[in-house]
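Colleague: All residue numbers for the sequence shown refer to the working numbering, where the first residue is 3 and numbers rise by one.
Read the hints as simulated data drawn from the structure, not as lab findings.
Heads up, some of the hints might be wrong.
As the list claims (entries may be wrong) - Using C-beta positions, here's what the derived DEER-type ranges look like:
1. GLY33 - ASP62: 15 to 23 Å
2. LEU28 - GLY91: 38 to 46 Å
3. TRP27 - ASN48: 36 to 44 Å
4. LEU49 - ARG85: 41 to 49 Å
5. TYR21 - VAL65: 18 to 26 Å
6. LEU13 - ALA88: 34 to 42 Å
7. LEU17 - ARG90: 17 to 25 Å
8. VAL81 - VAL54: 21 to 29 Å
9. LEU16 - GLY91: 37 to 45 Å
10. ASN48 - LEU16: 15 to 23 Å
Keep in mind that this is a model prediction, so the values were computed, not measured.
Cβ coordinates follow ideal geometry from the N, Cα and C atoms, glycine included.
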Amino acid sequence: MLEIFGTRGILAGLLFVAYGFCVGWLLGGPGKGARRVVALGTAQRNLAAALVVASQSFNDPKVVVMVIVVGIVGLVTIVPFARVLAKRGDTNAAGTPTS
Numbered sequence: 003m004l005e006i007f008g009t010r011g012i013l014a015g016l017l018f019v020a021y022g023f024c025v026g027w028l029l030g031g032p033g034k035g036a037r038r039v040v041a042l043g044t045a046q047r048n049l050a051a052a053l054v055v056a057s058q059s060f061n062d063p064k065v066v067v068m069v070i071v072v073g074i075v076g077l078v079t080i081v082p083f084a085r086v087l088a089k090r091g092d093t094n095a096a097g098t099p100t101s
């Protein structure tokens, strides 16, 4: 896993997560609450399913390492970003403010 440092693997993971967030935001619907949830869910992909596909379909262990790196990058970036979105306005999935 340490071999990833110095390559552009972490940058690729960060771009992948950002792209997923943008696609989720654009396709998330008209309500801001639903858009936030879809964007965050799209950015943080299903790591368990990705690991199954990577380990069963590829013989190169670097594929599994890259899936784990993208999962870690996603976790490190999405959790703080979710807190920022939560502080900007507390709305439910319908987009109406909650008390």
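Colleague: If a hint holds in the structure, say so; if it doesn't, say that too.
Modeller: Here is what the structure says about each hint:
{"no.": "1", "hint": "GLY33 - ASP62: 15 to 23 Å", "in the structure": "violated (42 Å)"}
{"no.": "2", "hint": "LEU28 - GLY91: 38 to 46 Å", "in the structure": "violated (19 Å)"}
{"no.": "3", "hint": "TRP27 - ASN48: 36 to 44 Å", "in the structure": "violated (19 Å)"}
{"no.": "4", "hint": "LEU49 - ARG85: 41 to 49 Å", "in the structure": "violated (20 Å)"}
{"no.": "5", "hint": "TYR21 - VAL65: 18 to 26 Å", "in the structure": "holds (19 Å)"}
{"no.": "6", "hint": "LEU13 - ALA88: 34 to 42 Å", "in the structure": "violated (27 Å)"}
{"no.": "7", "hint": "LEU17 - ARG90: 17 to 25 Å", "in the structure": "holds (24 Å)"}
{"no.": "8", "hint": "VAL81 - VAL54: 21 to 29 Å", "in the structure": "holds (24 Å)"}
{"no.": "9", "hint": "LEU16 - GLY91: 37 to 45 Å", "in the structure": "violated (26 Å)"}
{"no.": "10", "hint": "ASN48 - LEU16: 15 to 23 Å", "in the structure": "holds (18 Å)"}
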